[in-house]
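S.K.: Sequence:
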Amino acid sequence: MRYWLMKSEPEAFGIDDLMNRPGQTEAWDGVRNYQARNMMRDEMRVGDSVFFYHSNCALPGIVGLACIAREAYPDSTDPASATAKPRWVVVDVQFVRKLARTISLTELKTWPELADMPLVRRGNRLSIMPVTPGQWNFILSLE
DNA sequence: GCCAACGTTGGC
DNA sequence: GCCAACGTTGGC
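For any residue, its number in the numbering used here is found by taking its place in the first sequence, counting from 1, and adding 282.
The set of hints was computed from the structure by calculation and includes no laboratory data. Take these hints with a grain of salt, some might be off.
As the list claims (entries may be wrong) - Below, computed lysine-lysine pairings styled on DSSO-like, alpha-carbon distance capped at 27 Å:
| id | residue 1 | residue 2 |
| --- | --- | --- |
| 1 | 380 | 289 |
| 2 | 380 | 391 |
| 3 | 289 | 391 |
As the list claims (entries may be wrong) - With beta-carbon atoms standing in for the labels, derived distance ranges:
| id | residue 1 | residue 2 | range |
| --- | --- | --- | --- |
| 4 | 367 | 389 | 41 to 49 Å |
| 5 | 368 | 327 | 14 to 22 Å |
| 6 | 304 | 395 | 35 to 43 Å |
| 7 | 361 | 283 | 33 to 41 Å |
| 8 | 341 | 366 | 39 to 47 Å |
| 9 | 341 | 408 | 15 to 23 Å |
| 10 | 306 | 408 | 24 to 32 Å |
| 11 | 414 | 316 | 18 to 26 Å |
In this text, a Cβ means the ideal position worked out from N, Cα and C, and glycines have one as well.
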């Protein structure tokens, strides 16, 4: 059982959108970064826990919890998805709950305990990243 | 809207 | 296979 952080722009698809989906589940499509894809394809397993992060918005930060509901399969938004060699994959992500408050990026950056997270490192653009159990528990304790 | 960071593309 | 140009991400 692993822990992840997944970024999404709330204007495109936010935590409320996930909550309101049928089954509260949605395919996480559109990932076009190999590192992120490889994590989805090779490491994500059903039941893994996910921090849902809002990016590129007024208050970037962690807004909720989700889990992996289905392991990697071809991304239907990829033109090659129906061919023998799909390049991009999705996983299904299921809503768990919203946090009581947004734990903002600004706040996350203040904690030495989280200094190793790619999220708080300058220039990092990974949209999916692993979270250690220690980081996961520490962040939840901030709620 | 600006712009730094960085991944990708394509000419050579 | 190098690397400059270009496009995208995402905080501010």
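S.K.: Against the structure shown, which of the earlier numbered hints fail to hold, in ascending order?
M.R.: none
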